[in-house]
Amino acid sequence: MGLLTNLRDSITRVTDRLFADDEPKRIGIYGPPNAGKTTLANRIARDWTGDAVGPESHIPHETRRARRKENVEIERNGKTVTIDIVDTPGVTTKVDYKEFLDHDMEKEDAVKRSREATEGVAEAMHWLREDVDGVIYVLDSTTDPFTQVNTMLIGIIESQDLPVLIFANKVDLDEADVKRIDDAFPQHETVPLSALEGDNMDEVYEKIAEYFG
Amino acid sequence: MPEATTPEDGEDGVRIDLISGARMEGLTSMEKIRLILDSVRDGDIVVLEAGLSPEEESKLIEVTMTEISPDDFSGIEIETYPTSGQPNQGLVGRLLGKEETANKLTVIGPANQIETLHKDEDLISALVSRK
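For the protein sequence lines, the chains are H and Z, in the order given. Position 61 of the first sequence, counted from 1, bears residue number 61 in full-length UniProt numbering, the numbering being contiguous throughout. Position 25 of the second sequence, counted from 1, bears residue number 25 in full-length UniProt numbering, the numbering being contiguous throughout.
For the record, the hints were derived by calculation from the structure and aren't laboratory data. Remember, predicted model here, so these are calculated numbers, not experimental data. Be aware that a few hints might be false.
Stated by the list, open to error - Incomplete in silico selection of chain H near chain Z, CB under 8 angstroms:
(1) Lys94
(2) Tyr97
(3) Leu101
(4) His103
(5) Ala122
(6) Met125
Glycine residues also receive a C-beta, built at the ideal position from the N, C-alpha and C atoms.
Given these sequences and hints, build the entire structure.
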């Protein structure tokens, strides 16, 4: 692509964002499988609209297609932001149906689940390049955040110049280590929370209003 | 450009393709992704001297997902040296569409054959098993 074309596309992207303030911002919830993305999406949707986004489960790839909750109006400190929450499947570079067999699943169901999961991840990656205005990146604070997928995803988000908030989820668990996440991605603000217990949600909403408002 | 030869039938082992930055530089994003995935799907390990841009990494994940199939191909394992120590690209560079790929040695292999044992800022240690 030529230099002038790149420059024109960049300026178009910037002006599109500047003049699209009346539209709800599409905020993608991304992160690895089982980080608690759907639990967080449900917590936010229930708190502000009364409805959930989708089912939660401890089985990886419970969310296999992106789900959207539109027009979620969040109000904090006199500032109101309207967002469309897009809950995406956990991003990974591999999906093996045999892993689902360990969760008392028949082969046919496991294969179907893995096929749906791969389609969902491909779709989520495409949307990340084309269709989101900001990203909430959810990490499980009881596990090592410094994985290749996390590093790649954060790099991809940064290359798109998208505002990103990192949420360190599951702080209600004894093994949680928020500092480890802070240290892994020091260029971004890390907000600790428990989406399951509703811990620290006030700060979560403050940051959403601040970053995406 | 000459193509790499394939092992003779009956030869045992894992092939490793070390691809120079110069060779990748002349390819489009999709040609790079095809080159990587064709090798990995054959059971080879690919080592890229110059790595991929963030957009290419994103497309690599997307295309990999579309090619996963039961009992045939379960995806890729990928490791790259961390780049956090490198200087951040400025706004002008991003506006001009330049993406940082330099000095990002990347190892990619079939998920069912390669396992990362250890990674830090100057060492990637991986265990590779035969098919």
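Hints versus structure:
1. Lys94: holds (3 angstroms)
2. Tyr97: Holds, because the Cβ-Cβ distance from H/Tyr97 to chain Z comes to roughly 5 angstroms (cut-off 8 angstroms).
3. Leu101: violated (11 angstroms)
4. His103: violated (16 angstroms)
5. Ala122: Check passed: Cβ of H/Ala122 comes within 4 angstroms of chain Z, closer than 8 angstroms.
6. Met125: holds (4 angstroms)
The earlier numbered hints that this structure contradicts are 3, 4.
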